[in-house]
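Taken in order, these protein sequences are the chains called V and D. Quick note: the first sequence uses numbering that gives the first Met the number 0, first residue 0, plus one each step. Quick note: the second sequence uses numbering that gives the first Met the number 0, first residue 0, plus one each step.
If you are wondering where the hints come from, they were derived from the structure by calculation, not from laboratory data. Every clue listed holds true.
Remember, identical chains collapse to one label, so a pair may be satisfied in a single copy or spanning two.
Below are the BS3-like pairs computed for lysine-lysine, each with C-alpha atoms no more than 30 Å apart in a straight line:
no.	residue 1	residue 2
1	K135	K103
2	K103	K35
3	K105	K135
4	K171	K35
5	K35	K105
6	K135	K99
Predicted model only: the values in this text are computed from it and were never measured.
Protein chains: 2
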Amino acid sequence: MIDADTLSQASARVAGIVRETPVLSSPFLDEIAGRKVFVKAECLQHTGSFKYRGATNAVRSLSAEALARGVIAFSSGNHAQGVARAAAEAGAPAVIIMPKDAPKLKIDNTRSMGAEVVLYDRDTEDRMAIGTRIAKERGLSLIPPFDFEPTIAGQATCGVEFAEQLSALGVKQADVTVCCGGGGLTAGVALAFERDAPGLRVRPCEPEGFDDVARSLVSGQIEQNPRASGSICDAIITASPGTMTFPIMQRLCGPGVVVSDQECLNAMREAFLRLKLVAEPGGAAALAAALYHAEAFEGDAIGVLITGGNVDPEMFVRALSG
Amino acid sequence: MIDADTLSQASARVAGIVRETPVLSSPFLDEIAGRKVFVKAECLQHTGSFKYRGATNAVRSLSAEALARGVIAFSSGNHAQGVARAAAEAGAPAVIIMPKDAPKLKIDNTRSMGAEVVLYDRDTEDRMAIGTRIAKERGLSLIPPFDFEPTIAGQATCGVEFAEQLSALGVKQADVTVCCGGGGLTAGVALAFERDAPGLRVRPCEPEGFDDVARSLVSGQIEQNPRASGSICDAIITASPGTMTFPIMQRLCGPGVVVSDQECLNAMREAFLRLKLVAEPGGAAALAAALYHAEAFEGDAIGVLITGGNVDPEMFVRALSG
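Chain V on its own, in the form it takes in the complex (with noise of 0.2 Å):
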């Protein structure tokens, strides 16, 4: 149970080694979106993701003799870097299980943060059984990216941020859209809310074919996606919203958003020229809502996470090429 004292542990835990990102605006961005937009440029966390916060908080939740055993992830993408980052800080030996078709540079960042990095073939071989071997064989702690509560409330430190800044921008009632995969950063940031900003409302954002959580929230059960590929939103594309954040979400959240490819690639090209950062694909679907789907929210204000920058330069090419 992740209560307020949880969420002020995480804070303490996190504070002066996760990045405090900034709020960024533009008037170009109001225009477009008919109201004033307040962005939380997550992107510029340390490794390039908001991962790095719930990683740092479930490493630094270990015991010393489980730092020193080490810690193992399951992770192509953001949560693996967060993890070798954190656990390398942490003085702690991780392991990082990653499929071998994954992203070189990914692979190759993850090597640099001091993880060891095991390979598997996503078509002949079990990422379970290999991992699982390799924990009990060294004894070392599983790291999941969200569906954990030590995860879960490190992720929540970012909606601490963010509801002091925009209490500080005088933003007390909102709608605040967050890109949204397994619902880690979700629902953490919607715990945030109701302790701190109860005037905040998180709206979880996901692409087309993958709005898993905005059907779930609909039907008030755990929905699966059909397909587990098919977006350019690698980062946010889950089988389903995990059976630890579904409930938090259902409680706190307001309706899902669904966003096409080609927003998510507008919103780019936004952040680009508006904003002069670097967003992923699944990291701009929270401002593709905010600016592409206006009729879907309420008020003068609204709060947007952009949560990764870590994309490919092709992939960036092609968003400024819209």
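Following the hints, put chain D in place on chain V, whose structure we already have.
Chain D alone, transformed into the frame defined by chain V:
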């Protein structure tokens, strides 16, 4: 004469109006530079460059009567946008004299910020004559881009912030690279360091062929550039250092560092990959110096000012294709 009090007055005048820009870092950049690299992301400033600081301080230094009459500036780029926004926020009419062949985006942006844009033909018209006539007719106050105390003192606020941020990071003794055109920012930051952090030393950075400041610092007198165009670093191409900025740079700055256009493009790519920042070519010169001219610096840490991010998509694509 800009003294410690002038700097404090400027800081007070712009407080809560200009954005405090973050200081970012990446282990990947540290590895290239061979030392810790701390990057102040001034490209995240309102209007996408530091020019808004000087413009805000200069505009808000005017009397109520002068503000009511309005301001005027000559610029095809970042200073135009900075003055336009600063004037609009202070309720002052603004006239910006821009060349007819300036990028359409920059003309549109300046208009969008509420300024009256007066276009002139570089080949057949004299911009000074046009500006002087309009200024006289309407009683407008001129806001010069660098050789003007309120402008320099406004840019100095960037150095005041950076000194404080570096001190909080434990950096008290280091070179700090600054992209340098006419020297308004360079001189301002140097004055701020002289007052607040005497262990920090500014190193002006310029593109090859336009190293008027570097050569002036060597010869001890104001040197001119042989050409007026021919670098992609348009934001920092100025004929010569200012008569007001040069003596300050001469007294306080270390030797200039000269970088190639290709090094600026490479630095833009690194800022994209590692910091998730959009830098324009001239705004990346200081990062290029830190990364690719490591031998020009001493110590185990370096500060870098990325000064602007107003770059066309086409040029950014060129940097990414690197």
